[in-house]
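Protein chains in written order, with my numbering: chain A, 1 to 144; chain B, 1 to 639.
It cannot be assumed that every hint is accurate.
[Said to hold, decoys possible] Capping the alpha-carbon separation at 20 angstroms, the derived lysine to aspartate or glutamate pairs in EDC-like fashion look like this: (1) A/K99 to A/E60; (2) B/K70 to B/E4; (3) A/K51 to B/D157; (4) A/K51 to A/D111; (5) B/K70 to B/D157; (6) A/K30 to B/D243; (7) A/K30 to B/D580; (8) A/K51 to A/D69; (9) B/K505 to B/D580.
Derived by calculation from the structure, the hints in this document are not laboratory data.
Values in this document were obtained by computation on a predicted structure and should not be read as measured data.
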Amino acid sequence: MKAKHQRLILVLLALAAVIAAALLALSALKDQASFFYAPSDVKREGLPLGKAVRLGGMVEAGSIRHLPDGISIRFVVTDGAASVPVSFSGIVPDLFREKSGVVAEGHFQPDGSFVATNLLAKHDEKYMPPQVAGAMHKTESLEQ
Amino acid sequence: MIAEAGLAALWFAAALALLQVILATLAVQRSAVEDMLAAVRPVAVVQGVLVILAMLLLIAVFVNSDMSVKLVVEDSSAAKPLIYKIAGAWGNHEGSMLLWVTILGLAGAAVALFERTLERKTLAATLGAQAAIALGFYAFLLFSSNPFARINPAPADGQGLNPLLQDPGLAFHPPTLYIGYVGISVAFSFAVGAMITRDVGPAFARAMRPWVLGAWIFLTVGITAGSYWAYYELGWGGWWFWDPVENASLMPWLAATALLHSVTVLATRDGLRAWTIMLAVVAFSMSMIGTFLVRSGILTSVHAFAIDPRRGAFILALLVIYIGGALALFGARVGTIRQGNTFEPVSREGALVVNNLLLSVILGIVLIGTLYPLVAAAFGTQLSVGHPFFDSTAGPIALVLVALMAIGPLLRWRRDKAGAALRRVAVPAAITVVTLVAVLVLAPGIGVLPLLGLALATGVAVASVAPLWGRDLRRTPLFTYGMVVAHLGIAVSLGGMASESAFNKETLVATHIGQPQHVGPYTVTLTGVRPVIGVNWSAVEGVLKVQRGGGAPYFLRPQSRFFSTPPQVTNESAIRTAFDGQLYTVLGNQDDAGRWQLRLWWKPFVTLIWAGGALVAIGGALSLLGRALRERRARRRDL
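Okay, chain A solo, but in the shape it has when bound (with noise of 0.2 angstroms):
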């Protein structure tokens, strides 16, 4: 083989790997990426099933229910025009409580309820995406 046909064979074979890469990174970032929902965008835009969310909003007042396990709750995430019910079975963050933001990672369900793995509370802000921390500032106005 001649070194010239060579190193054109590698360059190609590189480009289109990285292009492969590309097209396929792109096409599973639409299915895959995580998106931030307020409760009133899903009331807006129907529920993002089969997707894992974001949802973000103030615990609405006198929501919070604890379940006889100990260990599940449920609770309302609302942010004044819609409300969302979110139950969650875990170890709550420290400063999680009514009338306080919280982003809870989860799924949203058929009938509408959310299902949160993970929730964040705002003593995290400072280390959470500045784009759910911008959101949790949203909710603060919500908060007097």
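Could you slot chain B onto chain A? The hints should help.
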């Protein structure tokens, strides 16, 4: 006074970096390069001494709890234990940037002191490039992130260090990671130097290899240590979160790993010249992009300490100058890099090319996944990219790469027969299939990736030792052992990852005191809860009686710690390591009925993940030592 001395040291170091750039430029243009080099070398060494002096003075300011220094006020407090005062010096934006620049300066000084084999002119150009990078980052420190800035009036006490960082990990993880992360700048400078003097060949590759290897070893150790730290400190039981900051350390590692393999092709067979130069540029570019992501305030995480848009713009400008400059130089000089040797597709070189392609593809995917949320945010869409994306894209490609890793070392250089190569991997392939079937029978219903991971891990573990078969073990060079151990480490780590994700057991309960709970092979009983006082925290400690089968019981003590400066609660997990995995326990809150929440995990063979990482680093060290010994012997022969 100490703070002012530190600032002065930084200014002097910056001035010397400027001098170093000028002297190096002159050296490259003159014919009497030896004379100029005799001047460049000491300048580089003194610059390194000054910058480490600045770092030590910052540590001194922290140890003294000098509350007239702004940084100490913001990130320290007088009551903090000594180790966190020392390590706390880099537990903030300015301090960690100073550590960054310190490593950069020390790397340059090390090149000036120890590099003997590189062609003189290329060495001068390399030292010039290293100083040019340092100059930009000195400017960044001095003009937008001065760690020694004073505050007036000085408050009585500081605001304290983030409690999550108050862990021995802080003393170890950032310095090792940075030595690798910033140490890879040497490869970048070598590449720039070689492009300037048009000196790309096997001798250059042999000179560059130990520097790449050294940085890569530290990067490997830093990432492994960081993973274990996150695992036990966050209390989430996970060892890798695809957090953008983790990706920022993974990307240079992927590029450096590719570089390590391509530089071997260049050194041994004089092939892949332009590609190796390109990878050296890419590797440190990834470090700088990572620094930009972490330090610009675009991302916020436990690693990102301050948000100031001007800083982001500053680093972005440096990024554009250095990466753009290097790529422009590459574009201008790529035509003059002579074509290296060719090879057949089925050969060691061919396998290494595919290794490089796959590593580059993984790197591309991680880069896209990391940057995409930022791009989307610029268009007003809020989203995050995590586990599901990276697992389904990078995961399968990584498995292919690992499979290839089993075959590559068994191929001959230049040309090999496909049939003969396949016979050599027959035994490992058979072992892979046997494991696959065994896992399917014994543990039906496990995920596809963990299944393939387990099967490949066993096969590849055997295949990675295969290059030693039939060799005289005493006469086998140390660097061959290095390769074997590093590849074995990858297999071991993969086995741990697959096992953890396939067989992880979790129990989440609210338990009364004295009520036994079960997780995996363990019985865990909360026997009591008591208060504990630490130096700067108080805690609630659960006392767990743990028993495995009929074995002797022992106690684990997970805590929920409350720090007052700043006010924050951390969950300190308690972990028991057995030969076949770890029991991981976290204490939660008490409910109205008086029950305590407990989160228990049994993670079979999870320790293999980090043991594998350690093996990879040890393999790198053996390789480095082996090459050094061989070079020394070669030099002795020449004398």
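Now the hints, each set against the structure:
1. Of the supplied pair hints, the one linking A/K99 and A/E60 holds, its CA atoms being roughly 6 angstroms apart against a limit of 20 angstroms.
2. For the suggested pair B/K70 and B/E4, the alpha carbons sit about 13 angstroms apart, so the restraint of at most 20 angstroms is met.
3. Proximity of A/K51 to B/D157 is assessed by CA-CA distance (about 47 angstroms); at most 20 angstroms being required, the pair is judged violated.
4. Annotation: proposed proximity of A/K51 to A/D111 holds, straight-line Cα distance about 15 angstroms (limit 20 angstroms).
5. Distance restraint check for B/K70 and B/D157: the Cα-Cα separation of roughly 11 angstroms lies within the 20 angstroms cut-off, and the hinted pair is therefore satisfied.
6. Taking the CA atoms of A/K30 and B/D243, the gap is near 19 angstroms; set against the 20 angstroms cutoff, the hint holds.
7. With a CA separation close to 39 angstroms, the supplied pair A/K30 and B/D580 exceeds the 20 angstroms bound.
8. This hinted pair does not check out: A/K51 and A/D69 have alpha carbons roughly 27 angstroms apart, beyond 20 angstroms.
9. Restraint check for B/K505 and B/D580: the C-alpha separation of about 14 angstroms stays at or below 20 angstroms, so the hint holds.
Hints 3, 7 and 8 from the list above are not met by this structure, while the remaining hints are.
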